[in-house]
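S.K.: So you can see what is in the structure, the chains are spelled out below.
There are 2 protein chains.
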Amino acid sequence: MKKFVNDPANFVPEMLEGVALANPEMLRYVPEYNIIHRADRPHNDKVSVIQGSGSGHEPAHIMAVGPGMLDAASPGGVFSAPPMEFCYECIKLMNSPKGVLVLINNYQGDRMNWDMAVEMAQAEGINVKSFVIDDDVAVQDSTHTVGRRGVAGNFFVIKACGAAAERGASLDDLLKLAEKVNSQVRSMGVALTSCTPPAKGKPIFEIGDDEMEVGVGIHGEPGRRRDKMKPADAIVDEIFDAVSSDLPFKSGDRVALMINGLGGTPISELYVLYRRAAQRCSDAGLTIARNYVGNYCTSLEMAGASLTLLRLDSELEDLLAAPAEIATRIF
Amino acid sequence: MKKFVNDPANFVPEMLEGVALANPEMLRYVPEYNIIHRADRPHNDKVSVIQGSGSGHEPAHIMAVGPGMLDAASPGGVFSAPPMEFCYECIKLMNSPKGVLVLINNYQGDRMNWDMAVEMAQAEGINVKSFVIDDDVAVQDSTHTVGRRGVAGNFFVIKACGAAAERGASLDDLLKLAEKVNSQVRSMGVALTSCTPPAKGKPIFEIGDDEMEVGVGIHGEPGRRRDKMKPADAIVDEIFDAVSSDLPFKSGDRVALMINGLGGTPISELYVLYRRAAQRCSDAGLTIARNYVGNYCTSLEMAGASLTLLRLDSELEDLLAAPAEIATRIF
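Same order as they appear, the protein sequences are chains A and B.
If you use our numbering, the first sequence closes out at 339, no skipped numbers anywhere.
If you use our numbering, the second sequence closes out at 339, no skipped numbers anywhere.
Hints were generated in silico from the structure; no laboratory data involved.
If you're wondering where the values come from, they're calculated on a predicted model, not measured in any experiment.
Be careful, since some hints might not be right.
One copy or any two copies: either way a pair holds, since identical chains are not told apart in the list.
Said to hold, decoys possible - With a cut-off of at most 25 Å between alpha-carbon atoms, the simulated DSS-like pairs for lysine-lysine come out as follows:
1. LYS208 x LYS184
2. LYS10 x LYS238
3. LYS210 x LYS100
4. LYS188 x LYS106
5. LYS236 x LYS210
6. LYS184 x LYS106
Modelling step: build the complete structure from the supplied sequences, incorporating the hints.
M.R.: Set out below in structure tokens:
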């Protein structure tokens, strides 16, 4: 295993400490519960928007904490759900009179722990509700999932709800907004390599030198099939067809297009994929109103990429354009 | 070779086309000469700041084009200098009455081609001058270098000169500024894996499963030595010592600290490195006024990272904080 790591047991805490040290004015770190939260939260004037899932998907979710995005995130270990206590403490810490919205990606471990934490918090009178994201069209059920998985489309739910919460939306309004974004967003990915969690020390799956996993999950879950490597354009064509036919997206739609790297793929290759995806959008009569090319939801150092399409309306375009700040800034 | 690529011969043009398609308002692509330039440049009111080097280091340098950064970039093939004609055409295209500043990283191919292009342009009466960046402390001379190599410290020269040019600085002022930044910035990197240029189809060097290259160059040039893998903190300690003792940085200095990923290392690991580097700065009495964690100057999918320290004064802090926009935005 060749990684920048000290004791693998401390990988997540040391990463979180690094994130907090790099953002001393914007973020706070609560080591007892793996919580990263906005230094200026909670206040009483807005709904708190929070999320927690396995680590290893950075910048999702801890580096998506900041003004206009998440108020807090509570990650678990690499590829493992946050313990129920962490979820519960995160809700309590971010409690606000206007309520708390928990955004959950659809994995059984995350759902179970967050559901219990939400119930416990509600029993104490905290106004908290949750919403489950499931944008991955690759498979219906999966290794860790009943129903579709939540993947990079999650970014758009966070961005929209984060912006609306900042503007004073109510908890019920935010639930409706999350439902709207989730209903309009579709994703699918492909993996070229596996990846190695520090504490495991070996790859989570094997894949041949000439193979790719089409429709891979972000924890290496099997997708639609194992296939031989193909040219970039052919790969885009397959995932674009799968994603765009699912909603379906229609000529005249305005969309946000995301090419998301899975961690180990250089950004040069992501732009080669974007080129073809933009051509396909143009051919299909889709107008790309906003685009996103980079690492948003990763699987450690996995080489691979996913494509996400979000159908826009004026409300969503406005919310996506709203100011936001997170740890993964360039400047 | 497992990459998102079509015909390897088209890798760079297809990437550039993707970058232009993703930034239709901000950027223009000139396919004849591999040039990416600001859509609103050149104007007569400012010095044009340009750069060109081998591809494969993205986001450097083509994705560093934008307001407050580069006005244009002219990349060559992967890890090969841009042809002299490309450099020459880039200077001519960005010609401005206030002058053109060419920022060159110190590699022999880049220097030779840009020097010839600058001479040709000067012979035609164009007011163009160049500056060579050499921030890598790892080795004195290298495979492709007489003198030190230019690596991620390049970002700070671009950022400072880009901001100053936007404010109307003269060509001579910008040359002095570039010299000042270059004199105050030091870098060193370590590689855990090799990388594979698409047209070459095989790794540029071999490295054992338990080895790292300390002081690696961004084209895989040998560094100070091949060593066995060590814990993250020990790796940071070695490169921090090499970098901070070189200027030397002194207690009381205000600095910018960059942990730069070489392309294949997940951002989680970069924050583990940042944690230790921030501790070391604190121990050494250095105040981190600005920090940068992410991929700035890469070597395709190479796993590895570099550490850059820049000594700040009020002028540099002000210029680093100035607004800028580039293709690799998150939102």
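S.K.: Give a verdict on every hint.
M.R.: We went through each hint and held it up to the structure:
no. : hint            : in the structure
1   : LYS208 x LYS184 : neither (39 Å within a copy, 51 Å between copies)
2   : LYS10 x LYS238  : between (28 Å within a copy, 9 Å between copies)
3   : LYS210 x LYS100 : neither (37 Å within a copy, 53 Å between copies)
4   : LYS188 x LYS106 : within (21 Å within a copy, 52 Å between copies)
5   : LYS236 x LYS210 : both (23 Å within a copy, 19 Å between copies)
6   : LYS184 x LYS106 : within (16 Å within a copy, 54 Å between copies)
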